[in-house]
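Turn these sequences into a full structure, and let the hints guide you.
2 protein chains.
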Amino acid sequence: MTDPLPSGSTIGILGGGQLGRMLSVAAARLGYRTHIYEPGANPPAGHVAAAVTTAPYEDEAALTRFAGAVDVITYEFENVPTSALDLLEAHRPIRPGREALRISQDRLTEKQFLRDLGLATAPFAPVGTAAELDSAIAATGTPAILKTRRFGYDGKGQVRIDAPAVAGAALDDMAGAPAILEGFVDFSHEISVIAARGLSGDVACFDPGENVHEGGILRTTTVPARLGPAQRTDAVLLAASVLNRLDYVGVMGVELFVTPQGLVVNEIAPRVHNSGHWTQNGCAVDQFEQHIRAIAGLPLGDGKRHCDVVMENLIGDDINRLPALLQEPQCALHLYGKAEVKPGRKMGHVNRVQPAQK
Amino acid sequence: MTDPLPSGSTIGILGGGQLGRMLSVAAARLGYRTHIYEPGANPPAGHVAAAVTTAPYEDEAALTRFAGAVDVITYEFENVPTSALDLLEAHRPIRPGREALRISQDRLTEKQFLRDLGLATAPFAPVGTAAELDSAIAATGTPAILKTRRFGYDGKGQVRIDAPAVAGAALDDMAGAPAILEGFVDFSHEISVIAARGLSGDVACFDPGENVHEGGILRTTTVPARLGPAQRTDAVLLAASVLNRLDYVGVMGVELFVTPQGLVVNEIAPRVHNSGHWTQNGCAVDQFEQHIRAIAGLPLGDGKRHCDVVMENLIGDDINRLPALLQEPQCALHLYGKAEVKPGRKMGHVNRVQPAQK
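Line by line, the protein sequences are chains A and B.
For the record, in the first sequence the residue sitting at position 197 is 197 according to full-length UniProt numbering, with numbers rising by one throughout.
For the record, in the second sequence the residue sitting at position 163 is 163 according to full-length UniProt numbering, with numbers rising by one throughout.
Worth flagging that the hints you see were computed from the coordinates, not collected in a lab.
No experiment lies behind these values; they were computed from the predicted model shown.
Note that the Cβ used here is the ideal one computed from N, Cα and C, for glycine as well.
Treat the hints with care, as some may be off.
[Unchecked claim] Now the in silico label distances, taken between C-beta atoms and shown as ranges:
| # | chain 1 | residue 1 | chain 2 | residue 2 | range |
| --- | --- | --- | --- | --- | --- |
| 1 | A | G40 | B | P93 | 52 to 62 Å |
| 2 | A | Q354 | B | R226 | 17 to 27 Å |
| 3 | B | P93 | A | A41 | 28 to 38 Å |
| 4 | A | G228 | B | Q261 | 50 to 60 Å |
| 5 | A | K342 | B | E58 | 41 to 51 Å |
| 6 | B | G40 | A | G176 | 56 to 66 Å |
| 7 | B | V341 | A | F77 | 35 to 45 Å |
| 8 | A | A41 | B | G215 | 28 to 38 Å |
| 9 | A | G201 | B | T64 | 47 to 57 Å |
| 10 | A | G316 | B | D116 | 50 to 60 Å |
| 11 | A | A163 | B | Q357 | 55 to 65 Å |
| 12 | A | G215 | B | G215 | 53 to 63 Å |
Next comes the structure, spelled out in structure tokens:
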């Protein structure tokens, strides 16, 4: 399919969390229906979708029915099992494509891909054994961070190594999972570029946002980011090169460290990204609609920002600040409809909006 | 209930068209679920709602089940049958309340209510018989418009009378329905105020928008409207007086003619209003969320505008302009997911956004 997806078509979304929820609303604005596939009961995306399938990713019959009910398939997270993707792909196009998933599912593969593209990354080395960890630490120095190669998010599956003496304990924490040691980058701040590439190969980027993390979880994104014009151009060109190399279709989040020596890629995410939530109130076409436009073969929005925005995540007990947030002028609320509050769980976010200053 | 509606509660919405659809999305942003009640199959609001009941307004069992499944009830249009409202209200609060519905369901009652409030309206007179029509025309002059008192919208149920000689034919068009004759107002332009009143009696208004109609259907709304500071204040105070008099809870659309002698009220609508769609891209809290906040007992947004917006309705074949609209910069699309295109049918709207000029 290279023609635009006809109005009224159904977009299948793997994963029913907040990203699927906001993708579903964006799809509706473009006249599409959505069908959510999610193993967990009562997914947030199900409250704003035309259909929901509740089934595990191992349920071949459910996957087959789902594929038959939708016209194109996308996903809200990168850890969908390969076997499920194989089955689905035999029936319907999956966008973004498998190559982006393959690369981003494994931190080591991702780092090597970025390096092969000529991009700067933190120093890294694969770690499977104690001996490999020792030589990795010798190469990167300490402090360093030992991470599982797969299935990590929001700071999970990571251990900081402050000195070689504690390396053994850190390796035990990996519980035998293949790991990667990453050295520290001396950066002034982190930014991300939310980039999109359409079916026809056109690329559009939103203004870079500046991220602040706490405890491994994104706390705020501020747009515009502190960047000179040349850095801004570098960031956007760098992101575009990643998407082009992957023949990517959809939105990708590209996290970058700003250093005196230039931009260093932290990680890429083959999906809409928490650091792009500001676009909901800052742009005529937000990242969610941009993603839907891309996978539906529609023209991309230009990414232009009409407002300055500070996005703040509402994590765990932050949701208790809701009464005050509801009274705050120019504060746009986006709650996820999650029933249970847990520490570290993203319950919603707010976008604080003001007229663009530059 | 005067406490805020708890997060995760379900809001019942009578009517599954585009207004219900956009209300549903706004409710989700605040962490609520929605349940749509709609006689027609496959309603647009159903694509973004947690639950849908498809049943006529005469189905008492379905209405009772619906009431039992929701925590508060609102509506997207004012012509819900009284018998259905009576049944529902015995189970759950209906907001906005019955008085606003009673008044706005009948053009004559509405005009009398406005006049009793001391507000200017077009000259009007009730018409049931040919003799009444003759004396009404003698009072208002021609041209004038004969309208059914009930169930009119988007120019339907209206006949223009350019000369007394054609009055008989106009009356025949009413097919025996009680009617009202309205004289013409010599106005320079039409504006509307989207006003909201909360459960605690607080009132907030969005900036007045300037409306252009074609063939009885809203074509565009431009914000800011052409108004002097005193006119702007008059418009907002006038709208607030209507809401206060009705002890209203929710969003109301108040259409006003701007004349050299001051503002003349055209009509009021006890619901979110087409001329308020610009708020989706111009305000941190749009009219749909404002309505949900009001009926849920939450604080209202302040209505401040951070962008200038021109809203254009996509009516009937306008939807064929979609490819061009998708390529237009700073053009936010809002399609309604309606399967069939018909002349005069509202298929969607666009908000053209630019940074606020004043």
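Do the hints match the structure? See the list:
no.: 1; hint: A:G40 / B:P93: 52 to 62 Å; in the structure: 33 Å, violated
no.: 2; hint: A:Q354 / B:R226: 17 to 27 Å; in the structure: 26 Å, holds
no.: 3; hint: B:P93 / A:A41: 28 to 38 Å; in the structure: 30 Å, holds
no.: 4; hint: A:G228 / B:Q261: 50 to 60 Å; in the structure: 57 Å, holds
no.: 5; hint: A:K342 / B:E58: 41 to 51 Å; in the structure: 46 Å, holds
no.: 6; hint: B:G40 / A:G176: 56 to 66 Å; in the structure: 58 Å, holds
no.: 7; hint: B:V341 / A:F77: 35 to 45 Å; in the structure: 37 Å, holds
no.: 8; hint: A:A41 / B:G215: 28 to 38 Å; in the structure: 49 Å, violated
no.: 9; hint: A:G201 / B:T64: 47 to 57 Å; in the structure: 56 Å, holds
no.: 10; hint: A:G316 / B:D116: 50 to 60 Å; in the structure: 53 Å, holds
no.: 11; hint: A:A163 / B:Q357: 55 to 65 Å; in the structure: 59 Å, holds
no.: 12; hint: A:G215 / B:G215: 53 to 63 Å; in the structure: 59 Å, holds
Consistency note: the structure conflicts with the earlier hints numbered 1, 8.
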